[in-house]
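Residue numbers (full-length UniProt numbering), protein chains in the order written: chain A, 1 to 582; chain B, 1 to 696.
Keep in mind the hints are simulated off the structure, nothing from the lab. Glycine is no exception: its CB is placed at the ideal position from the N, C-alpha and C atoms. There's no promise every hint is true.
From the structure, some residues in chain B lie toward chain A, with a derived Cβ separation under 7 Å [claimed, not checked]:
1. R194
2. R195
3. V297
4. A299
5. M312
6. Y328
7. A330
8. L334
Just some of the chain B residues that point at chain A, by a computed CB distance under 7 Å [unchecked claim]:
9. R301
10. R309
11. F450
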Amino acid sequence: MHGRVKVKSTAQQEEEKRKEREKKLKIYVAARDACFSKRKEGVWDDGALQITQQLLSSNPDFGTLWNYRREILMHLETVKDEDEVQKIYEAELSFLESCLKVNPKSYGSWHHRGWVSTRLPRPDWARELGLCDRCLNLDDRNFHCWDYRRMVVKKSGVPVDRELAFTDRLIGSNFSNYSSWHYRSTLLPLLHPESPEPLPSPRRPPPRSSPPASPQNHSHRVCEAQLLKEYELVQNAFFTDPNDQSAWFYYRWLLGRAEREEMISCVLVSREEETVTVAFSRPVDPGGLMLLLDGQPQTVEWRSVHPRFKHSPVWICDLPPGTISDVTNEHNLTVHWMERHAHRDCALYTGRTESWCRDSATDQELFRSELSVEKTSVLQSELQSCKQLQELEPLNKWCLLTIILLMRALDPLGYEKETLAHFQTLREVDLMRSAYYSDLCSKFMIENTVLKMEYAEVRVFSISDKKLTTLCHLDQLLLVTHMNLSSNQLQRLPPQFSMLQCLEVLEAENNSIEDLEGVFHLPRLEEVLLKNNKISTLADLRPLASCPKLKRLDLRGNPVSGLEEVEAALTELLPSVVDLLL
Amino acid sequence: MAAEDLPSEFDVVILGTGLAESVVAAAFSRVGQRVLHIDRRSYYAANWASFTFNSLLTWIQQHHEEPQPEELQDWSSLLEEGEELIYLSNSDSASIRNVQVFCFTSEEDEEEGAPSTKEDDRGAADGDAVKETPESQSADAKDKAKKQKAEEEEEEEEEEQASQTKGEELSAAQSQSEATRKKISYAQLVKEGRRFNIDLVSKLLYSRGSLVDLLIKSNVSRYAEFKNVTRILTYRHGNVQQVCTISLYTCLFTFEVTFYLFVCVCVCVYIPPFISLCMYISPHLSVSQVPCSRADVFASRQLSVVEKRKLMRFLTSCVEETDEQRAYKARPYLEFLYDQRLGENLQHFLFHSIAMATEDTTTEEGLASTRHFLRCLGRYGNTPFLFPVYGLGEIPQCFCRMCAVFGGIYCLRHSVNCLLVEKDTNRCKAVIDSRGQRISCRHFVVEDGFVAVDRKKRATPPRFLSRAVLITDSSILPSSSDQQVSMVTVPPVAAGCPTVRMVELCPSTMTCMAGTHLVHLTCQSVGSAFEDLSPLVTTMFRTTESPDRETSPSVLWCLYFNMADGSGLDVKGHDLPSNVFVCSGPDGGLSHEHAVRQAEWIFKQILPEEDFCPPAPNPEDIIYNGENASSTGEEEEEEEEEQNKQGEGGEEWKEEGKEEGEGVEEGEEGGDVLEEPSDGGVMFSSTNLTTTPAMH
């Protein structure tokens with residue numbers, strides 16, 4: 001026989017290993033100390049390079065040493081000629097390559113590589129791209145490499161179409177990797193912008209002079225021909241594996257991505273309260289707001305509806321007492337928003353107690369903005385293919401959710417029934433996220449109710465018995481006077497609720513409300529019906545004290561009504577209330 | 001080692017170096033048995049062998065020669081009391097028959113003269129082959145004539161040279177338009193003959209098959225390198241009706257133009273009389289890629305999105321047995337697939353390419369092979385198969401090497417003439433080798449071909465496999481990479497025809513010279529190999545019978561032969577002593593299952609208690625004879641010194657890093673060493689992650 005097997009006792013092996021480790025540690029510590037002392041002395045020579053190299057190759061995450069190394073290299077740059085520097089940096093790159101082989105996810109190594117690449121007198125970007133490709137082949141989710149690659153691409157000016165082909169390849173080999181899809185989403189708008197119009201003016205010219213009619217910002221859209229190709233590609237992915245979220249997310253990006261433009265959506269003037277309320281399309285900071293009353297700039301202080309909000313979509317200011325209180329006077333108001341160079345006028349006519357100027361949600365197709373409206377036929381055909389998939393996979397949550405989004409983009413009211421049914425299925429198949437679906441469903445129901453209200457041109461918002469779990473879009477309800485939220489599953493009236501500046505009657509029976517934080521400083525609120533809720537302490541009712549006109553309060557069926565001497569305490573807390581039901 | 005020097009006593013004597021015999025040899029040697037492993041041939045691996053082009057020509061010549069009957073020597077002088085002799089057959093020639101060779105390329109390399117001769121060269125090749133093929137076909141009718149022809153190869157060469165000039169004149173006009181492809185001449189094939197490793201059998205390794213498991217378990221894998229089979233292709237026929245055929249044609253054409261996927265549209269012009277029947281069914285044929293992994297399904301251009309979903313669902317549902325599947329158990333798999341309402345497209349892929357089923361495959365069998373296929377996906381890449389670099393003939397040799405490392409003794413061109421059997425116990429006590437030496441042994445393992453005909457059980461007539469080996473100038477499905485290893489299933493062209501399995505190898509597998517592809521065709525024999533396979537060759541490739549198929553690869557050279565099907569032999573029923581075990585030759589299956597099982601069975605019969613091929617220790621754990629314990633100490637010191645050196649000079653470190661880098665790249669270009677991927681097979685980790693979860 002050629003040989004026999006070495007057999008050693010395990011204790012002996014352990015001892016040997018321990019000794020070996022000790023020896024290694026000793027060498028390592030000695031080298032580290034040598035490094036530190038050299039750095040202190042300001043030694044920037046080849047020897048220091050070598051010793052840091054040894055240390056870093058065993059521990060590439062030693063940031064201080066990389067810094068020291070950079071100091072040395074920068075010093076060498078000043079004393080050597082270009083060819084020598086090039087050589088030094090090339091050696092550095094190959095050293096880094098060996099470090100990356102040891103730990104392909106070392107922050108230090110990747111950062112240093114980025115630094116070296118930018119210092120290199122004659123960089124070889126092709127080689128760097130090749131390295132990235134090799135790394136991504138081994139692990140296509142190595143974000144260090146992705147970052148580095150982006151840097152390389154930027155520096156070397158790789159054409160966008162080649163990068164798109166690169167994502168083609170990566171997606172082909174593994175379509176579950178969202179990094180590749182995401183990268184694609186950044187490239188497509190560059191390569192296939194939506195319209196042949198020059199890019200610098202991405203907004204469509206407004207068809208009406210003012211206010212701007214399109215709330216959607218199309219600067220990051222992709223042209224339709226390319227979109228269709230992308231739909232096909234992504235459909236291949238989600239038909240192959242409908243449980244893979246990467247494809248679905250990308251699909252949603254394709255369908256959506258429109259952002260609402262920042263604008264003043266409503267100006268409300270009230271004679272009685274002598275206030276001006278301004279609503280914006282998104283939360284803003286009031287700095288840069290200017291109010292002109294009959295052409296005169298006013299010095300006013302803007303306050304948000306609730307002290308919690310520093311950023312808010314609704315801001316209020318009090319006008320100096322007596323300025324508009326006379327009903328026989330007519331006033332013209334203009335709110336200027338300097339930041340966006342936007343303004344909105346509002347006229348308060350004789351005999352009117354209040355006046356407003358706004359865009360309605362229906363005009364703007366406001367609630368479709370989550371999926372931008374491409375040509376309806378395209379969306380319709382997308383809906384068809386999703387339905388086709390749903391037939392094959394009736395319980396796939398991604399598919400159901402996408403169908404819901406498509407239906408909303410197409411016709412939110414027409415598909416309401418189907419949407420509700422799909423939400424029910426979603427809650428059943430994805431129990432872990434049932435609360436999310438309930439909230440989302442609430443949001444859609446509120447949107448639909450807003451739309452219905454606007455079509456009816458009334459100021460009554462009624463959404464009872466719809467299993468609402470949350471309230472949203474309250475900034476859209478600035479003008480609402482009557483609100484019916486009864487028989488839902490609400491647990492609280494959040495601070496945003498204080499945006500309902502015109503609210504007079506709130507019906508919220510049969511919920512699970514335990515928190516009234518948002519019923520705060522509502523100047524016109526007279527009646528609050530909270531029968532059968534879960535308000536348990538007097539403290540919970542304290543916000544109501546800020547509503548000066550509150551007359552009627554129904555608290556029957558709440559734990560709080562069972563408390564001792566509650567009536568007396570309430571009379572003291574809410575002196576304006578004349579009709580208290582306990 | 002000279003014969004006289006052979007020890008006269010062994011535990012096991014093994015005659016024949018095929019896969020099963022070699023595995024048995026390694027297994028015995030690993031557990032400390034004294035093994036003598038011999039083969040009468042001058043090469044290893046018997047009918048499992050791989051040959052260079054030139055040695056294949058020698059092999060062909062050998063099989064054209066009449067086996068010379070050796071006179072039986074009388075060894076009775078070596079008999080002891082109570083013993084009798086059993087003579088073994090002296091040749092295994094019965095296992096190979098109907099060897100036919102065709103050359104479709106010009107004899108000489110005419111490149112050197114002037115570049116313009118390229119055209120003539122091409123034309124010459126055509127003309128030459130035109131002349132030759134009918135001749136060989138007529139020869140085919142008469143066995144004798146054919147043999148003569150092959151025997152007198154030199155004469156033939158002259159003849160061909162003569163015809164070449166004729167060919168030049170004939171096709172000068174025709175060749176001008178089509179002189180784009182540069183053709184490799186016969187002389188180049190011979191000159192570069194060492195680049196070829198042409199397998200006699202054509203098989204692949206399932207990445208979770210018994211052979212891969214055995215290679216890993218026994219550490220034999222360290223002697224070999226492997227490549228992934230990169231593509232699974234299928235060959236589909238169109239419809240009977242004219243309208244559909246046209247629409248299919250257009251559809252395929254669009255594919256070709258619109259997408260990078262290349263689909264060959266083959267139009268048959270020459271219809272050989274014996275396949276005219278099938279041609280009604282398959283006027284248009286195409287090669288396409290079978291989507292089998294998740295990434296394939298995603299990328300496939302042939303499937304609609306709905307089909308993709310159905311396919312993925314079916315594959316996922318296959319992983320675990322369902323009640324529905326159980327209900328179909330004994331019914332045909334085709335019926336099961338049909339009832340799944342997958343559509344014709346998917347059914348074709350699943351039936352022919354993934355399950356590799358035939359009409360009489362039951363649902364149980366079909367699902368089992370589908371499951372096996374799926375389990376194999378993702379272990380070493382996106383297809384379930386591996387192919388050994390340098391050819392399949394490497395594998396038996398690797399096992400022989402393992403046997404030799406642990407003390408087995410090897411002799412080629414050495415045989416056993418007869419066995420000495422103790423009459424009372426009916427056990428083989430010793431063998432007499434071809435040099436008349438008596439070698440005693442406790443067990444004797446022999447390749448089926450060496451068992452004398454009168455000792456064989458003759459219940460069923462032996463089955464044969466039809467094989468063809470083609471050297472072509474390009475791939476049947478060109479793609480962005482020309483280094484593809486493809487496995488193609490060709491469903492029966494007509495009822496009663498066999499399913500043909502095709503494996504196309506590229507030069508990076510080290511089995512053929514640059515600029516060529518090696519194509520192996522295998523099927524169960526119905527007629528001779530030529531009869532079974534040449535119709536397919538003429539429809540898929542450009543030969544003299546189908547000269548105007550310009551998109552198809554040209555065949556430069558091809559070989560047809562029939563080989564006995566090892567799975568058809570009942571090796572257990574032979575009239576032989578109880579301690580003599582017979583290994584059948586290669587079987588027709590794609591996997592190596594049959595041979596590995598047989599080897600394990602034999603091993604367990606003899607040594608039921610021992611471990612079959614236990615892991616061989618790593619070389620660094622072996623202390624070689626003559627070394628003592630102190631030597632290890634020295635090694636450690638050396639290591640230490642090295643470390644110190646590295647500590648001092650940064651230069652060496654860099655160099656080392658560089659070398660490593662190069663090493664990795666080489667590894668990627670060449671084959672991959674088999675590793676158990678579960679514990680950090682970094683090389684495959686990415687593919688593992690992506691494919692495995694999807695399928696399970």
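Self-check item: Hints that the structure is at odds with (numbers, increasing)
Solution: 1, 2, 6, 7, 8, 9 and 11
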